[in-house]
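Engineer: These are the residues of each chain, in order.
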Amino acid sequence: MINRNLEESIFKILMKGASILIVGSLFLIVITILVKGLSAFNLDMLTKIPNGGFYIGKEGGVLNAIVGSLLIAGGASVIALIVSIPIVLFINLYINNKSALGNTIRLGYDILFGIPSIIYGAFGFTIMVYFGLKTSLLGGIITVALLVIPIMVCTMDEIIKTVPGELHEAAFSLGTTRLETSRLVLRQIYPGLITAVLLSFARGIGDAASVLFTAGYSDNIPFALDQPAATLPLAIFFQLGSPVQEVQDRAYAAALILTIVVLLISIIARISSKIFSKNIV
Amino acid sequence: MMRLLKDKIASKVMMLLTAIFVLVAVFIGYGLYMRSRPLLAKRSLWELITSEGWKPFKGEFGFFPFIMGTVWITVLSILIAMPLCLLTSIYLSEYSHKSIRQIARPLIDLLAGIPSVIYGIWGVIIVVPLIEKFIIPYSTEFSTGYNVLAGGIVLAIMIFPLIINIVTDVFNTIPQELRDASLSLGATKWETVKHVILKKALPGIIAATVLAISRAFGETIAVLMVCGNIPETPKSLLSPAYPLPALIANNFGEMLSIPLYDSALLFAALLLFLIIFIFNAVSKLILMNIERKTT
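Here the protein sequences line up with chains A and D, keeping their order.
Under our numbering, the letters of the first sequence match residues 1 to 281, in that order.
Under our numbering, the letters of the second sequence match residues 1 to 295, in that order.
The hints are simulated quantities; they were obtained by calculation from the structure and are not laboratory data.
By construction, the Cβ of each residue, glycine as well, lies at the ideal position given by its N, Cα and C atoms.
Some hints could be false.
Label-pair distances were calculated between CB atoms; the ranges are [to be verified]: (1) LYS42(D) <-> LEU264(A): 45 to 55 Å; (2) LEU101(A) <-> MET1(D): 46 to 56 Å; (3) LYS58(D) <-> LEU107(A): 42 to 52 Å; (4) LEU107(A) <-> TYR30(D): 44 to 54 Å; (5) THR50(D) <-> ILE271(A): 49 to 59 Å; (6) LEU133(A) <-> LYS12(D): 38 to 48 Å; (7) LEU101(A) <-> PRO203(D): 19 to 29 Å; (8) ILE271(A) <-> ILE136(D): 44 to 54 Å; (9) GLN176(D) <-> LEU34(A): 35 to 45 Å; (10) THR50(D) <-> ARG183(A): 32 to 42 Å; (11) LYS58(D) <-> LEU264(A): 46 to 56 Å; (12) ARG292(D) <-> ILE268(A): 32 to 42 Å; (13) SER139(D) <-> ALA224(A): 45 to 55 Å; (14) PHE134(D) <-> PHE238(A): 28 to 38 Å.
Using the sequences plus the hints, can you model the full thing?
Structural biologist: The following block contains the structure:
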């Protein structure tokens with residue numbers, strides 16, 4: 001009897017310890033970035049592009065990378081949204097939801113979800129070489145779009161499943177076509193779409209390996225699709241590799257910017273899905 | 001009639017889109033294979049994955065050190081993450097108060113979204129100096145803080161959220177009656193967990209592990225920043241390692257002048273792709289099976 005209770009309490013302590021360790025280590029990361037980043041942060045980081053001598057510690061900021069990242073993640077999310085909506089509607093409305101075909105397609109997207117971004121990056125680069133494209137904003141947008149499409153499809157698929165089946169049936173029984181019913185369903189999952197877009201955006205803006213070979217790097221703000229574009233993760237990565245202390249410090253500041261952007265977007269995504277879902281049937 | 005026609009057209013367009021984008025996986029595999037063919041024509045597959053020399057200028061491409069680098073770091077991260085995540089998941093789903101659960105899950109989800117480059121920076125700031133200060137002085141081996149251990153620790157933290165999410169989901173699919181039955185027979189809570197919950201959840205736990213392995217295999221930037229990147233087969237936890245994704249990231253895009261080099265790097269990508277594809281498929285099939293049984 002004593003043994004059983006002893007085992008119980010030992011494992012309880014272990015479990016609490018493990019939970020604290022895991023949550024603590026994740027928090028420690030955010031806190032480390034906050035502390036290191038804040039001490040190196042100044043407004044120039046947000047408002048200036050790298051000046052001459054930026055990479056040996058002189059003045060400038062990472063505005064080029066911020067704009068580049070926003071354009072790439074934004075463009076990719078828009079493309080992904082346009083592609084994903086028909087795909088999700090097709091799986092859920094046009095073919096039998098629980099059929100073997102539907103499940104196979106779902107499995108396919110689940111697997112694509114798991115393919116690491118470096119593979120998308122290498123694949124994107126090969127495609128670009130094949131078509132004679134140089135590293136550019138466009139290359140980055142297309143590669144990141146490929147990366148976030150599976151994320152969007154899987155997220156929206158989860159959301160569309162929550163729409164009660166009676167809704168489609170009622171619509172169909174009134175004589176609407178599947179296309180017309182789609183509009184009804186889309187209105188129902190509208191808040192979910194926002195969440196999906198925001199989450200994809202957050203994923204896209206933080207990913208380094210996919211843009212490493214496809215978007216290039218430039219100290220200027222990109223104004224056209226064929227210009228190379230800097231991105232925040234790469235700015236952090238390159239600056240951290242510098243032997244100059246000031247440049248390294250700026251990597252911490254850039255990391256702070258990226259972390260705050262990603263956390264904010266994720267929080268907004270979760271809050272917005274709560275707020276909007278109040279208006280749903 | 002117009003309406004039906006529209007519906008027909010939309011249906012075809014949607015089917016086409018779905019097919020094209022689900023086939024992206026096939027395109028990737030095919031593209032990488034075609035680009036690695038020049039290398040595969042000259043060397044046998046077996047020779048490539050078992051030989052050690054890596055001298056691209058002399059045309060020597062031995063992937064063994066990179067494969068072993070990936071394996072060392074992945075195995076270490078799983079060994080660290082799995083027990084901790086299991087304990088945490090059990091705590092969250094079986095022991096903790098509902099209010100803790102409601103805070104913990106979204107919090108972990110939120111932190112899962114932190115980009116990998118941030119994890120990498122954290123590794124460089126915290127993990128590497130700690131290893132240099134507390135572990136290296138007691139080892140006989142010459143080494144820096146950039147090694148397998150640092151990579152394994154950073155990677156373990158990165159896969160915490162993934163494992164916890166899947167495992168708690170699997171625990172939630174276990175019917176409450178099973179717990180009640182066990183408890184009413186006089187078992188303690190831990191005995192119920194050990195003999196009922198864990199046994200029931202075993203396939204799900206295996207699926208989570210397999211998925212975590214495939215995630216760890218492909219993780220690039222964070223690991224690259226802390227693992228040393230020296231193309232030698234690691235001998236201990238304190239050896240530097242050079243995993244496959246890091247090899248691709250460090251060299252791709254600038255190697256077009258050396259013959260076969262880009263073919264070799266795309267072969268590395270192909271290896272990675274195939275392993276991850278298979279692992280992913282296996283774990284998803286297990287999870288789908290669990291879901292089907294419970295609904």
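Engineer: Confirm or reject each hint.
Structural biologist: Hint check:
At roughly 51 Å, the beta carbons of LYS42(D) and LEU264(A) sit within the given window of 45 to 55 Å. For LEU101(A) paired with MET1(D), a C-beta distance near 28 Å fails the hint of 46 to 56 Å. Distance hint for LYS58(D) and LEU107(A): a CB-CB separation of about 43 Å, consistent with the stated range 42 to 52 Å. A beta carbon spacing of about 19 Å between LEU107(A) and TYR30(D) contradicts the range 44 to 54 Å that was offered as a hint.
Judged by the Cβ atoms, the range 49 to 59 Å given for THR50(D) and ILE271(A) holds: they are separated by roughly 53 Å. For the pair LEU133(A) and LYS12(D), the supplied restraint of 38 to 48 Å is violated, since their beta-carbon distance comes to about 30 Å. Range check, LEU101(A) to PRO203(D): Cβ separation about 25 Å, and the 19 to 29 Å hint holds. In this structure the supplied range 44 to 54 Å holds for ILE271(A) paired with ILE136(D), their Cβ-Cβ distance being about 45 Å.
Hint check: GLN176(D) to LEU34(A), Cβ distance near 41 Å, so the stated range 35 to 45 Å holds. Restraint check, THR50(D) to ARG183(A): a C-beta distance of roughly 58 Å breaks the suggested window 32 to 42 Å. Restraint check, LYS58(D) to LEU264(A): a C-beta distance of roughly 50 Å satisfies the suggested window 46 to 56 Å. Look at ARG292(D) against ILE268(A): about 35 Å separates their beta carbons, and that is inside 32 to 42 Å.
Range check, SER139(D) to ALA224(A): about 54 Å between beta-carbon atoms, so the 45 to 55 Å window is met. For the hinted restraint 28 to 38 Å between PHE134(D) and PHE238(A), the CB-CB distance of approximately 30 Å keeps it satisfied.
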